[in-house]
Structure formats: structure tokens, C-alpha cells
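*Asks:* Residue-level listing of the chains:
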Amino acid sequence: MRPILNLPPHATATQRAWHVGLWAITALVLGFLILPILVIVPLSFSSGSFLNFPLPGLSLRWYEELLGSERWLSSLRNSVVVACAATLLATVLGTLAALGLQRARFPGRSLLLALVISPMVVPLVIVAVGVYFFYAPLGLTGGLVGLTLAHTALAVPFVVITVSATLQGFDTNLSRAAASLGADPATAFFRITLPIILPGVVSGALFAFVTSFDEVVVALFLTGPQDRTLPRQMFDGIRENISPVIAAAATLLIVLSVLLMTVMEALRRRGERLRGIR
Amino acid sequence: MTATIPSARPQERPRNLRAQLRRTERRRKLEAVALVAPLFVFLAVFFLAPIGLMLVRSVDNSELPSVMPDTAAALRQWDGDGLPPEAVFASFARELAAGQRDRSLSGVAKRLTYEIPNMRSVLFATARGLPEAPDGTWRQTLAARNPAWSEPATWAVMRRAAAPVTPYYLLAALDREIDASGSIVPVSADRAIYLDIFARTFWIAAVVTLWCLALGYPLAYKLASLPPRISNLLMILVLLPFWTSILVRTGAWVVLLQREGPINEALQWIGLIGEPIQLVYNRVGVYVAMVHILLPFMVLPLYSVMRGISPAYVRAATSLGATPFTAFRRVYLPQTIPGVGAGCLLVFILGVGYYITPALVGGAGDQMVSYFVAFFTNQTINWGMAAALGSVLLVATLLLYWVYARLVGVDRMRMG
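From first to last, the protein sequence lines stand for chains A and B. Going by our numbering, the first residue of the first sequence is number 1, and it counts up by one from there. Going by our numbering, the first residue of the second sequence is number 279, and it counts up by one from there.
One chain only, chain A, in its complex shape (with noise of 0.2 Å):
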């Protein structure tokens, strides 16, 4: 008996069917999952002016045309701007009002908590448009100040929701050790709290960060042609004609993303071992 097929050697003809079913479905829907992601990944290293296979040679050449751009560059600028203001932003708003959620049951609170995760299921156009209509007579659109405003409130959620799940396994006691030992509140929460919810805050920050990056249709909304980022590039780019320069800048994000999991991944674990010490 092979080991990942695991039954016991009394199993009927049936259950091994379906032991065998259940692993291919489980195969097909993880291929399903990965294999578009992946398959982006060689075209992008084409020699050729099509995506499709066989590819005809290898070349660079789509990464220096990317790399080259000013209008690639000037976007993936302004994309990384928005996106450190915003997590910025949301992370000190969000780790604030976590911890304010966490302190007290106040009269409101889950109404609260239903306002604050609310931006994660508003339809975007729906910001979009509300954003678009508030910023103008502000002077907030045609700028990269508006659309950090409204990434911030968009990436908000995240934040709150994991440094709050961060906050349910946090020991009280341990702020109010300090305060005993005569820590001001700051101290407390910047010696004692702070460092045993960073995995939460980072994290939270991690999704905040991704949630501005990625985000593409209130940029539609708020920026110009000087201030587009990068997915309203990509998103002019997959619409009008897709070509392997898009590929090459799909790999780069895809990599990022790698990057940004395997943090994720090594905070979560941290995050598990410090939970099994207490």
C-alpha cells in the first residue's frame, strides 16, 4: 500500500475509489489554482511578440522594455507611494482602534466593528464613485493624496481584523505587570504590548499594503494620466493589447507576492511559537 493512499488493508473497493477520486479532485482544483499563475511566468521570457507556446527563443528583452519605461517606472513610483502612505495610515489607525475595541465593551461596539470592516464588502465601483464625487470640490482627485485616502480606508479592515485576532490571545495581565512595576501606558504598550502583537501589526500591515498595491478600480476613478499606478497600467495594458511586456510585469508582482506570503508564512510561525510558550 502506497503510503499517501493510507487505508487499511481492509477497505472496501468503494472507498478506495473514493479516497483515490477525492486526492485527483484535490490535485485538479490545486492545478487549477496554480497553473495560470504559473504558466504567465515563461511567456514572460519570450523572444517572441505573442504569448502563446511554444515560445520561439528566450530573451530578456519584454523585462528591459518594462524596465525602460518611464511609464511603467512612473507608475510602479507612484504605486509603491500610495501604498507605504496608506499602510502607514491604516496600520496606526488600525492598531489603535483594535486596541480600543479590545479595552472596553462599550454600547455600539459590534456596530462600530461593523463600520470599521465595512470598506472589505462595499462594492469598489461604489467607492469609487463616492470618493469621486467627495474628493473633486476638495481638490483631492488628479493627485496621489486622494487616492491614498481612500486606500487607507479600503486597507483599514485588514488591519483591524488581524490585530484583533492578535489581541485575543494577548495576556492582559502582562500590561497590567507593568503598570504595577510603574509603566506609564506608553511604556507598557511600546515594551510589553507592542512586541507580542508585532506579528498581528506587521501582518495586518503585510494586507494593507497588498490591499493599496493591488487595488485598481477606485485609481480608475481618482488618477490621471500622470498619477496612474501600476494596476491601472496593467489594467490598460490586459485591455487594450496584451503583450509580453504585461507577462514580465505579472512575474514581478508574482514574485513580490512570493516574497510577501513567505513573511506571512515566518510571522504566522513566530506567531504560533510565542502562543506556545505562554
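Treat the hints as calculated values from the structure; they're not laboratory data. Hints may contain errors.
Derived coverage of chain A by chain B (criterion: at least 3 residues anywhere in the stretch with Cβ under 8 Å from a Cβ of chain B; other residues may be distant) [claimed, not checked]: (1) 39 to 52; (2) 129 to 141.
Not the full set, but computed from the structure, chain A residues with beta-carbon under 8 Å of chain B [what the hints assert, rightly or not]: (3) T26; (4) A97; (5) G100.
Where a beta carbon is used, it is the ideal one built from N, C-alpha and C, also for glycine.
We have chain A; now place chain B onto it with these hints.
*Replies:* Showing chain B alone in chain A's frame:
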């Protein structure tokens, strides 16, 4: 019994303590409020207010009143029977000429054409070279310049356009209108498109949800039953797409599904099809790409629920004589229902609001409500209609969100 009758003094202590406790409690509450307040204020200003403004815009009717304030006021006093009194005609003629001079008429023209398609030309033709003084009454003068002004139907529309708020857009978003007699009726069949678009939106989201469940359930089940070392490894294959940009994934599907793409070639190679078939820029493409993008949102809640189910229950059922299928159906499946509910609601909520993916991989007949909201905002600049469609979509989403919060709890919304 050693208890002494408490004297007045020690009794004061507990009350003191209680007051102190209350004070501490109050301080904690204030602290909590102070910590949440910055985020609340931020969201109120930069998120809630814009959405509130959008809701207001769906009933906003200020085009005519802002350009023709006197006419609007006069029209509002008119009972709406037959033709309005001469005073309305007079102030209308005066403000029409003024609007022509300072070029503010086009807003009014635009508003009126929503209800009577040729009103733009009627308005401008009437305004062009309008005399200072009437030739007889203003009623006769205007009717002579354009017969539309002698029709009660035109003035019924004018009267509706004079109100500060209008149900017009919201009704139109539901394929309804107010007829000449003032009752709400369905619009004619050739103009009734929005209910179909809503139905299409919900249908696409429902099909995507069911596919996600059909694919996600066995996957989550298998992953949850594996030893953690292996399932963590395989979980990477679920999480990598989850972390990858939606545009990357949508673009990947455009490449895969195109006529000369790998999937068409593979299907031809195994002899399933003779020549390339259209897989993208149609409904197939929308379903495939949306299922791919939303599947992790189904797998993750299912997996976390299934991980928590002890295998002892199923074993107990089997040992009591249940067949594996019965044990699954009667014992395991009911325990996964919270995960199924959470996953389905989340996928459906996210699916209903989709814009990017259908816009990139769908055809003209596959666009969802979001597309039309964007279309009315950016292309035809009919902001009232954009806001009305958005409002209906928002209400539908918030209802679903409310159900989600009741059934699952908002703080259970886990993201990986």
C-alpha cells in the same frame, strides 16, 4: 455567627469602592473610545461621507432649480393640472433667455432629455432669439415657437424636474417610472434593461459561488484531513493565488483562454475540439476567472472550520454502524455548515460587486451592475443614474453583509 451588625462607617467603604470601580470603568471606556475615535473620524470623513453623498446624488434634482429658480418655485405651486398658469410661462421665458445668455442651459437640457429624448433641441430652439416681450401671452409665444410647450406632458416633466429631490433615477434603476397620472408604472419593454442587469449580476455571483463551493469543499476537506505538515505545504498553493494581484490572475486567464492560447491548443491536441473555440470575452471567461479569483475566499473559511472538527465524531458514527457516506452526511457535513455559510456569503458578496474581471474577460452581455455604475459616471456623465444603480447595489450588499454579520459575526471575517 460572628457577623456583627455593620456600623455606618464600614458601609461607606463598599460604596466608595463601587464609586471608584465605576470611575475606573468609565476611564477605561473613555480610553477605549479615544483609541477608536481617530479611525472612526477618518472613516466617517473619507469613506462614509462619500458614500452618503452618492446616496444623496441618486435623488438629487438640482439641475433645473439651480438654473431656473423662479420657474422652479412657480412650478412647485402649480397643481399640475393641464397647462400651468401664465406666470410660470413668463418666468420660464425670462430664465430661458438668461440661461441661453450665460450658457447654463445645458444642465437643464440634460436633465429633461432623460425623460423626453428631444428636449435638448426643443429647449435650445425655443431659447434662440426669444423676444424680450411676449407676442400676446407668453403661453402663446412659446407654443408658437415650439408645439411641445402646449402639451401638458411636457409641463408634467418640467414640474417633476422642478422638485428639489426626485425618485426618477431610483425608479429608473428598477425599470419603473412615474406616468402622466402620477402613478408608478413599469417602463416600456425596450427601455427595461436594469432589472435584467441586476438579475444577471446576481446570477453570475450565484453561479460563481456554487462553483467555488463545489471545488472548494472537497479541497478544504482533503487539506483539513491531512497531517499539518503536508496540508501547510499544499495550503501554499491556495495562498499564493490569494496573494497574487487580481490583474495578474485576470491577465493570465486572458492569455490561457485566447484563441491561440494553451487551453485551446490542448483541447485540439487531445481531439476534443476541431478548431479553436471562443473561451474569453464571453460568459465562460467571466465564470472561470471569477471562480479562480474568489475560490480562496471559500477554501479558507471552510478549511478553518473543518480543522476544528474532531475526527472522533465520524469514527464514532462509523463504529455505531453508519456507512461512510451516512457518517459524512449526518455527522460531518452539518458541522461544516458554518464554514459553508461564511464562505458562500463572502464569495457572493464579493462577486456581486465585481467590476474589473468582467470588464476584462467578459463580453457586452456579461457586464455586471458595477460596470454600468462606472459607465454612467465616466462615459455618459449621468451621475444621477450612476448613483441610483450604485445605491441599489449598495443596499443589496449591505443586506447580505447584515446576514453575514448575524450568521457568522463580522469579527470572524478571516483573511487567511
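*Asks:* Now look at each hint and say whether the structure bears it out.
*Replies:* Status of each hint after checking the structure:
no. : hint       : result
1   : 39 to 52   : holds (count 6)
2   : 129 to 141 : holds (count 7)
3   : T26        : 4 Å, holds
4   : A97        : 4 Å, holds
5   : G100       : 3 Å, holds
In terms of the numbered hints stated before, the structure departs from none.
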